[in-house]
Amino acid sequence: MATYSDVLQYLSSLDYPAEKDDVVREAEREGAPPEVLRALRALPPVDYANGTEVARSAKIEAAPEVGTAQRAEQARDKRHQRVSQHLRGI
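One point on numbering: in this note's numbering, the residue at position 82 of the sequence shown is 82, and numbering is uninterrupted.
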């Protein structure tokens, strides 16, 4: 199964925002393994602002090095996922 770091590794030179097709094409160009390509091909067809959005949307397990506390923090942060950065402090 692909991890966040696996996905991000093959998208390091991609310019964002990027559409799903751009993400898949870049991973193919970079020689991503089948499990990474499979995860990326299953992405919703939207524009992605950065690699983290891609990895979160790819329906993959968090990287093994991510601890329980960090996962809990990420879950709490999801409520702000679509709020502009300048509004987060309000």
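Keep in mind that a hint or two might mislead.
The calculated label-pair distances, taken between Cβ atoms and stated as ranges, are [unchecked claim]:
hint, residue 1, residue 2, range
1, Pro45, Ala69, 19 to 25 Å
2, Lys59, Gly31, 17 to 23 Å
3, Arg41, Glu73, 26 to 32 Å
4, Ser13, Ala69, 28 to 34 Å
5, Glu28, Glu73, 28 to 34 Å
6, Arg41, Pro17, 14 to 20 Å
7, Ala69, Gly31, 17 to 23 Å
8, Ser12, Ala42, 33 to 39 Å
9, Ala69, Glu28, 31 to 37 Å
10, Ser12, Val46, 19 to 25 Å
11, Ala69, Asp21, 32 to 38 Å
Rather than coming from a laboratory, the hints here were simulated on the basis of the structure.
Keep in mind that this is a model prediction, so the values were computed, not measured.
Yeah, the Cβ is synthetic: ideal placement off N, Cα and C, and Gly gets one too.
Q: Output the numbers, in ascending order, of every earlier hint that fails for this structure.
A: 1, 7 and 8
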